[in-house]
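Chains as they are written, first to last, in my numbering: chain A, 1 to 314; chain B, 315 to 527.
Everything labelled a hint here was simulated from the structure, so no lab data went into it.
No experiment lies behind these values; they were computed from the predicted model shown.
We put the beta carbon where it would ideally sit given N, CA and C, even for glycine.
Worth double-checking, as some hints may not be accurate.
[Said to hold, decoys possible] With a cut-off of at most 30 angstroms between alpha-carbon atoms, the simulated DSS-like pairs for lysine-lysine come out as follows:
{"#": "1", "chain 1": "B", "residue 1": "K407", "chain 2": "A", "residue 2": "K126"}
{"#": "2", "chain 1": "B", "residue 1": "K415", "chain 2": "B", "residue 2": "K393"}
{"#": "3", "chain 1": "B", "residue 1": "K411", "chain 2": "A", "residue 2": "K126"}
{"#": "4", "chain 1": "B", "residue 1": "K393", "chain 2": "B", "residue 2": "K355"}
{"#": "5", "chain 1": "A", "residue 1": "K307", "chain 2": "A", "residue 2": "K216"}
{"#": "6", "chain 1": "A", "residue 1": "K83", "chain 2": "B", "residue 2": "K330"}
{"#": "7", "chain 1": "B", "residue 1": "K330", "chain 2": "A", "residue 2": "K300"}
[What the hints assert, rightly or not] Non-contacting residues of chain A with respect to chain B, defined by C-beta distances greater than 12 angstroms in every case (computed):
{"#": "8", "residue": "G137"}
{"#": "9", "residue": "P251"}
{"#": "10", "residue": "D268"}
{"#": "11", "residue": "F289"}
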Amino acid sequence: MPFLTEPLTFNVSFTTRLIRQAEEFSCEQKDAQKARQVYLNTLAVQAVQFYCECIGVETELAASDSWNAAMRTLMNVADLAVKGKGKLECRPLLLGDEVCHLPPETLEDRIGYIVVEIDEENYQAKLLGFSQTASEGRLSIRQMPSLEGLIDAIVDDIPETEQIPLSIEPIETNFVRLWQWFRDVFDESWQAPELVLAASYRGTATRQEHESLPRKKRVKLLDVGNHKIALLLQVTQVADTELDILLKIYPDDGNTLPQGLVMQLLDDSENVVMETQAGSADNFRALNFQIDTEELFSVKIILENIKVIEKFTS
Amino acid sequence: MDELDSYLKQLSELAKQHPPGSKRRIIAVTRLLAAIESSGKLYCQGKYDYPLEVYHEAIQAVRTYIFRSIDRYDPTRAKMMTWINQKLNLEFKSAIKKFQKEQQGEVSLSRKTSINDGDSQRDLEDTLTSEKTPFLSDCVRQLIEEDIEDIFKNKFIRGRPEVNFQAIALHMLDGYGGRVLADKWDIPEQTLYSFFRRSCKNFKPVFEKYLRE
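The shape of chain A in the complex, shown without the other chains (with noise of 0.2 angstroms):
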């Protein structure tokens, strides 16, 4: 890919808006050469601060100089606060210019500097690079390191673990249609319950059974991270257009459910409807309920960060 050793950069079109806020920022100077450095200034700051807001990056106007009146006035400063992280230090430069001056008192409490190039004529601004120092008051845009090194500088780390795209995408399967349960059509992964259930399960899973009423029952072997859960699901058909269904998690080994195993129903916006979580000592979770013939509904089993979900529809 030739595109991806081009240099990071980024454009900001001005708005209404923001021209309106660099002038009236300048209107404020009786000095016209003042007056053109806070408009320049003013909108490298929030060509910076739009960036920011783009990618989620918390920036304090309030707690900017270039913000502050007096402080713009007495000094030569486009600073922009990012909230937790310390001063970025926004430099215009006008287009076709090569090197950025940076005024001294820039060059103490800042944690980076971005040289914003400014097009005037087509009211345009690019960020083109980014420097941690300054130390010799100039950067040179032939010599500007990119601007990772700002989301560097600004974004915080989001811990490893959750870069899995394992944990960050549910693991989903196809559609379970369990209108064709009733025509003894099953895909295979799921598996008559005494086949696949340990001896404990038998005995509480066949109470109350309401022998007129169509009634399927199937289990499921689900791999939740390092345990296997069985989901049992068993649907009776109660009126020619609702369903009962209950759901049931167990251990696949017998012992005890994982603590904090959540199991949760979702209906067909992925709300969740109801939910349950397993204790220290739980061997089986239930959920219980009843839908019409035509609705979609979810089962989402969540540990930690990992989760798994099953689609149901009749």
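Take the given structure of chain A and dock chain B to it, following the hints.
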């Protein structure tokens, strides 16, 4: 699918592999946006029929949208450029509406002043001139010059009472550079600025208090 399309698709997949807010996702989306914008394939119908600011409203909204909604992009349903251009044209339409609304507001405002007769118009102008607010920069200068609490002149570099905040600030407001002042007082430029910057920070609440009045 051409080279650009497949590159954009790869970047969107790369972005989705990493959790929202993670550095790698941010880098991938930033790269994706740069590639989209430099492709020359952004298309916005009627872009030149309105002032540039209308298009800018729309493209800014698109940039925000890509960062927040990259997970919604489904490469099996549309090419990235198609997805983006659809969003851009939608945002452009709402930017036009907003622009037209503002235009109407301004028109009715100017009509209101134009129905005034000559006398009241002159009155209005007189009022505007007499109430013209002074430059804020002049207010800052005045505050430092008057120094009613005697704080600005009493803040000076150790052992050098003549190199005080008041003197430095007034010179700076007159446009003198730090180098000239450093030579004048024979102190290193960095020392001068360091002192000045710390003093400004120190006096920030004082300025805020007076400028509010």
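- Sort out whether K330(B) lies within 30 angstroms of K83(A), counting only the CA atoms. Answer holds: K83(A) to K330(B) is near 26 angstroms, not above 30 angstroms.
- Does K307(A) pair with K216(A) here, judged by a C-alpha cut-off of 30 angstroms? Within the cut-off at roughly 26 angstroms; holds.
- Query: Given the hinted pair K415(B) and K393(B), is their alpha-carbon gap at most 30 angstroms?
  - Reply: violated (34 angstroms)
- Message: K330(B) and K300(A) were given as a pair; does the straight-line alpha-carbon distance stay at or below 30 angstroms?
- Response: Holds. K330(B) to K300(A) sits at ~22 angstroms (cutoff 30 angstroms).
- Message: Please check whether the beta-carbon of D268(A) is more than 12 angstroms away from every beta-carbon in chain B.
- Response: holds (19 angstroms)
- Going straight from one Cα to the other, do K407(B) and K126(A) come out at no more than 30 angstroms? holds (25 angstroms)
- Message: Beyond 12 angstroms on every Cβ pair: is that true for P251(A) relative to chain B?
- Response: About 30 angstroms separates P251(A) from the closest Cβ of chain B, which puts it past 12 angstroms; holds.
- Has the given pair, K393(B) with K355(B), been kept, meaning a C-alpha gap of at most 30 angstroms? Holds, because 12 angstroms separates the two Cα atoms, which is no more than 30 angstroms.
- Mind verifying the non-interface call on F289(A)? Its CB should be farther than 12 angstroms from each CB in chain B. Holds, since 30 angstroms exceeds 12 angstroms.
- Item | Minimum Cβ-Cβ distance from G137(A) to chain B exceeds 12 angstroms | violated (10 angstroms)
- Message: Checking one constraint from the list: CA of K411(B) to CA of K126(A), max 30 angstroms. Satisfied?
- Response: Holds, at roughly 28 angstroms.
Of the numbered hints stated above, those contradicted by the structure are hints 2 and 8, listed in ascending order.
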